[in-house]
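Novice: Protein sequences, first through last, are from chains G and X.
What the first sequence shows, in our numbering, is residues 1017 to 1228, in sequence order.
What the second sequence shows, in our numbering, is residues 139 to 220, in sequence order.
Think of the hints as simulated: they come from the structure by calculation, not from any bench.
One or more of the hints may lead you astray.
Stated by the list, open to error - Residues of chain G clear of chain X, computed beta-carbon distances all greater than 10 Å:
hint	residue
1	D1048
2	R1093
3	I1136
4	T1208
What the hints assert, rightly or not - Examples of chain X residues toward chain G, derived with CB under 7 Å:
hint	residue
5	I147
6	S167
7	W171
8	V186
9	L205
Since we're looking at a predicted model, the values are computed, not measured.
For every residue, glycine included, the Cβ atom is placed at its ideal position computed from N, Cα and C.
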Amino acid sequence: MSVNKLKYFFAVDTRYVLKKLMILMFPYTHQDWEVRYHRDTPLTPRQDVNAPDLYIPTMAFITYILLAGMALGIQKRFSPEVLGLCASTALVWIIIEVLVMLLSLYLLTVHSDLSTFDLIAYSGYKYVGMIFTVLSGLLFGNDGYYVALVWSSCALMFFIVRSLKMKILPSISSDSMGMGSNAKPQLRLYITVATAVFQPIIIYWLTSHLVR
Amino acid sequence: MAFTLYTLIQTAILCTNAIAVLHEERFLSRIGWGVDQGVGGFGDDPGVKAQTLNLIRSVRTVMRVPLIIVNSACIVLLLLFG
Chain G
1017 MSVNKLKYFF AVDTRYVLKK LMILMFPYTH QDWEVRYHRD TPLTPRQDVN
1067 APDLYIPTMA FITYILLAGM ALGIQKRFSP EVLGLCASTA LVWIIIEVLV
1117 MLLSLYLLTV HSDLSTFDLI AYSGYKYVGM IFTVLSGLLF GNDGYYVALV
1167 WSSCALMFFI VRSLKMKILP SISSDSMGMG SNAKPQLRLY ITVATAVFQP
1217 IIIYWLTSHL VR
Chain X
139 MAFTLYTLIQ TAILCTNAIA VLHEERFLSR IGWGVDQGVG GFGDDPGVKA
189 QTLNLIRSVR TVMRVPLIIV NSACIVLLLL FG
């Protein structure tokens, strides 16, 4: 966990951020999900739109907290402690999700190059969906909230499955003799699907109390 | 379910304590989770069971002394501040 590794995740520019937000909200037309490499090191987000970054999750997290404060203020339920509580709840959920992902990847000996920061990045992309959901819930009431919830859940599930499929699921399993690799692709598929299914649950959990 | 960071720390301490109190010869060997059953498969991919047993053994070895310190600190703090 060095500063250099962290700098890689913040090497973004405007074009990348706009394209990534578009992909997060509408991933169905994106064709090529492969993370491109340059002599064994992954390309920075400035050069490759599929690379995970930490700028969008950080900004989305802070925006979500501010939006939560604003939503509670509109409903006259605001107090400074609630803001801190909301922030720490969301942070704890990220930590729990990253720990569970790390544990399951370790237990199933998935030799992928997903580092902790990558998992934090993928786990933080859901805040973009949450912001969209809360905004439409505030603007359009309960119906708008549920429509936006379904839309961002589907988009996020598609995005997570397509992105993690490249990294976790084996493309060519030619190393073992075929003995242990029967259960592995199934379990790896379960991890990917479970991660995807967890996203709408947590989006609903963290936003429903803001849009009453 | 409103979490605070303090809840997370509490959960982590409780879970680590739970793993640390699993006795090797009274319990783990009895149910077939001993250290000798951990290394089973050859080749480069140990199974899920071998990985879990490895994890339990590593946690118990590594966290024994820090847990003593952290538990004592928790006891003192809880006695002082309720």
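Novice: Indicate, hint by hint, whether the structure satisfies it.
Specialist: Now the hints, each set against the structure:
1. For D1048/G, the requirement that its beta carbon stay farther than 10 Å from each beta carbon of chain X is met, with the minimum near 30 Å.
2. Once the 10 Å rule is applied to beta carbons, R1093/G is consistent with being away from chain X; the minimum gap is 14 Å.
3. At roughly 15 Å from the closest C-beta of chain X, the C-beta of I1136/G stays outside 10 Å, upholding its exclusion from the interface.
4. Against the 10 Å criterion, T1208/G stays outside the reach of chain X, whose nearest CB is about 17 Å from its own CB.
5. The restraint placing I147/X at the interface with chain G is violated, with a minimum CB-CB distance near 10 Å, outside the 7 Å limit.
6. Nearest Cβ of chain G to the Cβ of S167/X: about 21 Å, over the 7 Å cut. The hint is violated.
7. With its C-beta approaching chain G no nearer than about 14 Å, W171/X sits outside the 7 Å limit, and its interface hint is violated.
8. Taking 7 Å as the C-beta cut-off, the interface hint given for V186/X holds, the closest approach to chain G being about 5 Å.
9. Checking L205/X against chain G: minimum C-beta separation of about 18 Å lies over 7 Å; hint violated.
Hint violations for this structure: numbers 5, 6, 7, 9, all remaining hints satisfied.
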